[in-house]
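Enquirer: Protein chains in written order, with numbering that gives the first Met the number 0: chain A, 0 to 403; chain B, 0 to 273.
Hints in this document: simulated from the structure, not taken from any laboratory. Owing to the predicted nature of the structure, the values given are computational and were not obtained by experimental measurement. Possibly wrong hints are sitting among the right ones.
Unchecked claim - A few chain B residues facing chain A, derived, Cβ under 7 angstroms:
#1 L73
#2 P101
#3 S105
#4 F110
#5 R124
#6 L128
By construction, the Cβ of each residue, glycine as well, lies at the ideal position given by its N, Cα and C atoms.
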Amino acid sequence: MQQFLEALFLQAGYNAALVAIGAALLGFAAGSSGTFLFLRKRALVSDAVAHATLPGIAIAFMVMVAFGGDGRNLAGLLAGSALTAWAGLLIIEWIPRRTRLAEDAAIGAVLGVSFGIGVVLLTVVQTMSAGRQAGLESFLLGSTAGMLFQDAVIISIGGSLAVFCTWLMRRPMTLVAFDSTYAAAMGYNVRRIDLLMMGLVLAVTVIGLKLVGLILIVAMLIIPAVTARFWTERAQHVIWIAGGIGAASGYLGAVLSASAPGLPTGPIIVLMAAGFFVFSLFFAPVRGVLSSVIRHRRFQVRVHRRQGLLALAAQHPIREPYTLRLLAQEGLVRPDGVPTDAGRAQAAKIARDERRWDIAREIHQDAGLTGRYDGLTPIEDVFTADEIAEFDLRLGSPVSVRGA
Amino acid sequence: MTKLQQPAMAAEDGRATRPAAVPAEAPLAVRGLTVSYGEKPAVFSVDATFPARAMSAIIGPNGAGKSTLLKASLGVIPRLSGEVFIFGQPITKARNRIAYVPQRASVDWDFPTTVIDVVQMGLYRKVGLLGRLSGQMTIRALDCLGRVGMADFAHRQIGQLSGGQQQRVFLARALAQDADLYLLDEPFAGVDAATERAIIDVLKLLKSEGKAVVAVHHDLSTVRDYFDHVFLINVRPIAEGPVSSAFTTANLQAAYGGRLAATHLDELAMVEGR
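Just chain B, same shape as in the assembly:
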C-alpha cells in the first residue's frame, strides 16, 4: 500500500508539533499513522518514536487503539495513511528483525499442538518450506523455553497450561525469532505474579543485550518499575518521552479523561512522591 519512502520525505508532510524526522536507529517509528475500522478511526494521525536499548510502554484506556497501533506497525491490519519505520526501513525489509507476542486470548488453546511445536513456529521463517526442523533448531527452541522457565513443559499439550504458562510460551516463541525489536500486546494481562516476574526478567535481559522492547501495558502502578519510555494514546497521541517526564498525572488525566479512577490517581501520586 505505502510505497517505499525515505524517512526524510516522510518528514516533509509537515507535522508541526512533533519531531518528524525519523532517526535511523529508532527501532520503531510511526509517522501520521491512521487506522480505522469502518469509518471510525481507531488510531488517528499518530507520530511516535520508540528508542533503542529501552523498554517502552504504550498506555491508554480501553479502546484507545493501543493494540491497533501495534498491529498496524506490523502490517497485520492495513493502515489508512501514514508510515512505519523499523530501524529506519519499511517493514517489508525489516521483517526478520521483529518478534511479536500477540494477546494470549487471541488463539484457541485446544489446538492440537505441543509447547515445543508452538515455540518452533518462531523458527518457521528461518527454516523455510522445504527445510527440516533440525536437532539444532529443537535445542534452540528448548533453550528459549528454559529462559522463560518452561523447559519441563516442552511436550505438554498447550491446552493443559495455565494462563501464565501460555503467556510464557508465547514469549519463548518470540525469543526463538532472535529479533532486535520485541513487540508485546499486553504481556502481563491475567498472569500470576511469578509469571509477571519471569517475563519482566526476560525483557530486562533483552534490554541489557541491546534489544528494544515495546509493550502495550495496562497496569499503571508498575510502569515506573518496568519501563524507561512511555507513549500515551487515546486514539490521538497524548504524550511520549522518558517515564520521568512523560508519565505524569496531567498526561494520564489527558489520556484517560474521566475514566481514570480517583483511587488510581492516589496510588500514582504516592508512587510519584516516592
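Isolated chain A (complex conformation):
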C-alpha cells in the first residue's frame, strides 16, 4: 500500500515517475485520437495496424545490425514499425476500394498475415548471434523496465503532435464520421481525412509500442472513447473525456505496476481502462444500464397508473395485480379494488385529460403539438392554460348539459 501511495505521488523513484507520466501522456493521446476511429466505426483497423508493426520492428533490427549499428536503437525500431504499419494501413484502405472484399476481411487478412510474418522474423532474429537481440519480445506486451528519458520524450512529443492534429481536424473528422456523403459534397476529401485519422492512430500506436505493447494498444485507442460515449452526447466532448480517461488509466496502471514488481504495465493499464468502462456501462447517467432500467421501470409505473385510473373512471374492474398494488400503495383504491375518494378524484381528472386530448386532436389536426399525444403526457405539459380553457368550452361540463 505504501509503495502504491509513493508511486501515486511520483515518489517511488525516477524510473517509476517517468513511466507514470509517460503512460498518462500516451493514454491521453490514444484516447483522443482513437475517438474518431470509434465514431467512424473502424475500431478494429487499429488492431490490424498495431499487429503490422511487428515485421517492421524485426526488419529494422536486422537492418541496423547488418550495418553494424545497435539493433536496439529505439528510434530505428519505431521508424521500422511505422513503415510496415503504414503499408498495412494502405492495404486495408485499398482492398475494399478495389475488390469486392469488405473492410473486415481486409482487416483480418492484414492482422493475421503481418503478425505471422513478424513472429517468423522475430524467430530469425533470435537465431542471429550478433546484436544483443534480447528484449524485442517486450514490444508484444510492453515493458517499463529500462524506460529511458528519451523514451518519455518521444512519447510526449509524438503524443502532443497527435493531440494537436486531432484538435485541428476535429470538425472535418466529425463530419466525415457522421455523414461522409455530405462531407464529400461540401468538397472535403474524405479519403484523405480517413487516412489522416488512421495515420494519427498509427503514430500513437508506434510511440506506445514500448510501453503498452502492440497486442494491447488497441484497447488504449478504443476503450476510452467507448467509455466517454456513455457520458456525453456531443462528439467534441467525447474527444476530451476519452483523453482524460486514457490519461487516468495510463497513470494509475503505471503506478500500480510500479508498486508491485512483476506486474506487466500494458495489461494493467488496459485493465484500468476496462474498469472505467465497466463502471460507465452500469452507472452512466443516461446511457448506462442502471439508468435505463430505472427509466423503463418508471415508464411502466406511469402506464399502469394511467390504465388503472382510466379503468376506475369507466367503472371497469382492475384485473392486473400489479396495477392494483400500485394504486393501493398510493391510497387510490382499497385492496379489494374499490376506489377511495382520492382515487375517484384522480380518475375523474385523468378521464377529463383524455377528453381534452380528444378535442385538442380535433382542433389542431396537424400541429406538431398533437403529435405529442402518447396517452401518458398530461395535456397541461403541451398546451397553454387558455388553449385548455378553449377545449373545456367545447367539452362543456356534464352537469350543465343535464341542467339544460
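Assemble chain B onto chain A, guided by the hints.
Expert: Structure of chain B alone, referenced to chain A:
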C-alpha cells in the same frame, strides 16, 4: 478527373438529339454523364439542364439512377464520362454555391451530436479549420432551425428526433450554407404530412428568393403541385421540360415501363384532367 472544359467545347461532342449548349445561368447542367458501379451503368449518357429560379424534380423508378445522378453532379461519386456544370462552371469552382440534403437513412442517428451541432456542420467550410464558431454563427444556425420549425429542438440529441424532424434538421443544415442551388435526395421520403408541408414551404420560399431547387422525388401524385420542371430518367434520360409538357402519361410509361401500377396511372389521369 475531368479537366476544366468550356461549355462550348462540351457542346462539340455532338449529342444530336438534345440541346448541348450549356446556358451559363443554368444552376445545374450535365452533359454526357455516365456513372457505373462495377460494369453496370447506373446512369448512362445523360444530358440534363435544370432551370434557374425553379423547382425541379428528378423522377424515375427504383434503381433508375436518380440519387446517382445527384451524387455524381456533386462529385461525391466518380463519373466515368461526361461533364457537370454548376452555373456554367465546373463543380470545383462553384462548390460554395451548392447545398446538399442527403437521404435521411444514410447516417447513423445515434451519433453523439445535437441538432444545433448538425446545422453548424453547414458552416464548417465558412469557418475553416482554425476559425471559431462565433455567436453570430450560432444565431444563424438557430435562425435556419427556426425556418424549418425546429428552433425548440436545438439542444436535443439527434437520436431523439422523429423521421420528419431528422429531415428538417438536414434541410436546416443546407440552409445554413446559404447556397444558390439546393440539391435534395428524396426529401419527402417517410416524413409526416406536417413535415412535408413545412419542407415544401421552405423550398418555395427559396424559389421566390431566386434560388434553384432540384429534388429526387418519388411521389408522382404531388409532382404537379410542387414542381415547375421535371427530368424523367431510367438509367438513360427519358424526358425533360416544364411539368405541363414533360410530365405526361406517355413519358411516365416510358420511364417506368411495366412498373407503373395501373392505379397510379388512373390517379394521374385524374390529376391531368383537372
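Enquirer: Going back to the hint list, which numbers does this structure go against?
Expert: Of the numbered hints given earlier, the structure breaks none, since each of them holds.
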